[in-house]
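Each chain, letter by letter, is given below.
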Amino acid sequence: GQQLNQSPQSMFIQEGEDVSMNCTSSSIFNTWLWYKQDPGEGPVLLIALYKAGELTSNGRLTAQFGITRKDSFLNISASIPSDVGIYFCAGPYNAGKSTFGDGTTLTVKP
Amino acid sequence: DAGVTQSPTHLIKTRGQQVTLRCSPKSGHDTVSWYQQALGQGPQFIFQYYEEEERQRGNFPDRFSGHQFPNYSSELNVNALWLGDSALYLCASSWEQGFSYEQYFGPGTRLTVT
Numbered sequence: 001g002q003q004l005n006q007s008p009q010s011m012f013i014q015e016g017e018d019v020s021m022n023c024t025s026s027s028i029f030n031t032w033l034w035y036k037q038d039p040g041e042g043p044v045l046l047i048a049l050y051k052a053g054e055l056t057s058n059g060r061l062t063a064q065f066g067i068t069r070k071d072s073f074l075n076i077s078a079s080i081p082s083d084v085g086i087y088f089c090a091g092p093y094n095a096g097k098s099t100f101g102d103g104t105t106l107t108v109k110p
Numbered sequence: 001d002a003g004v005t006q007s008p009t010h011l012i013k014t015r016g017q018q019v020t021l022r023c024s025p026k027s028g029h030d031t032v033s034w035y036q037q038a039l040g041q042g043p044q045f046i047f048q049y050y051e052e053e054e055r056q057r058g059n060f061p062d063r064f065s066g067h068q069f070p071n072y073s074s075e076l077n078v079n080a081l082w083l084g085d086s087a088l089y090l091c092a093s094s095w096e097q098g099f100s101y102e103q104y105f106g107p108g109t110r111l112t113v114t
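So the protein sequences, as listed, match chains S and E.
For the first sequence, position 2 matches number 2 in the working numbering, and the numbering has no gaps at all.
For the second sequence, position 62 matches number 62 in the working numbering, and the numbering has no gaps at all.
Only chain E is shown next, with the shape it has when bound in the complex:
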């Protein structure tokens, strides 16, 4: 049973560029949440997708957008990258009909903006 997978593992981008990160949820899960984790801090909630719609959003600007596909996989897009966007981006999946608070995290994508 595959857990949550994310790609790519590492990414280096330049200020002003755009980036797309990908996530496949754990088998049987239908809800995907994205988090940003800066060095030395806990994960910060970006947004959550369920039934291909953004359901919840944290305190992040519109430069951060996402998408969920019919197979429940998800993408996180960040436009006009800032140096401050450098962080570990984590995807977490859960099952809406289960204990949805119990999220399973992927290994993350380390984004470096130069």
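So that you can see chain S by itself, here it is in the shape it has in the complex:
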């Protein structure tokens, strides 16, 4: 089946730093989704991307849909402690059925 590879697996950063993470696939996706999951919660949708090359922002978060349609990137600017959590990329295919990466765990040190 389709697999998504996320990197890095984990990040330890200082509050105020910028963060970059990415997601790659061997298959082409027509949509990329980025979710954040806090402990004990379900994933929360952060950004949805629908077009190759698209750059979309949500507050301090910016995500890009790669030109090849096989990758996507998420950047967080000026990180704050509440950014801590696990960030997942997902590629939906076939009527809402989504495949997820294994996540990037972000730790922010005050």
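Treat the hints with care, as some may be off.
Unchecked claim - For each label pair, taking beta carbons as the anchor points, the in silico distance ranges come out as: (1) 97(E) to 27(S): 25 to 31 Å; (2) 58(S) to 71(E): 30 to 36 Å; (3) 71(E) to 7(S): 28 to 34 Å.
Calculated from the structure, these hints are not laboratory results.
Note that beta-carbon positions come from the ideal geometry of N, C-alpha and C, so glycine has one too.
Since chain S is already given, all that's left is putting chain E on it; use the hints.
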């Protein structure tokens, strides 16, 4: 506006037993998907229900079955539980006529099989 709700929050079962998990979708949503999330991994798609029918299925055995009711709520049933079924089970809802790729997740049910 209530989001996706799931019950119970936690559950402990013994190998070989059967379990039923419940999900109520976000108001206005008509499609429900179920995912299994093992520790340290991303969610894995189990199946999706729309109009009370299973529409899509992931790579899970027939021990996993489900149901959708006329009010769009859904159940996930797992028979003959294995230790490997221990995981967080997530329900996600979406609206078929909207951007159905944008799913809203519930908080999950933590299942422990001993």
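- request: Check each numbered hint against the structure and report the violated ones by number, ascending.
  value: 3
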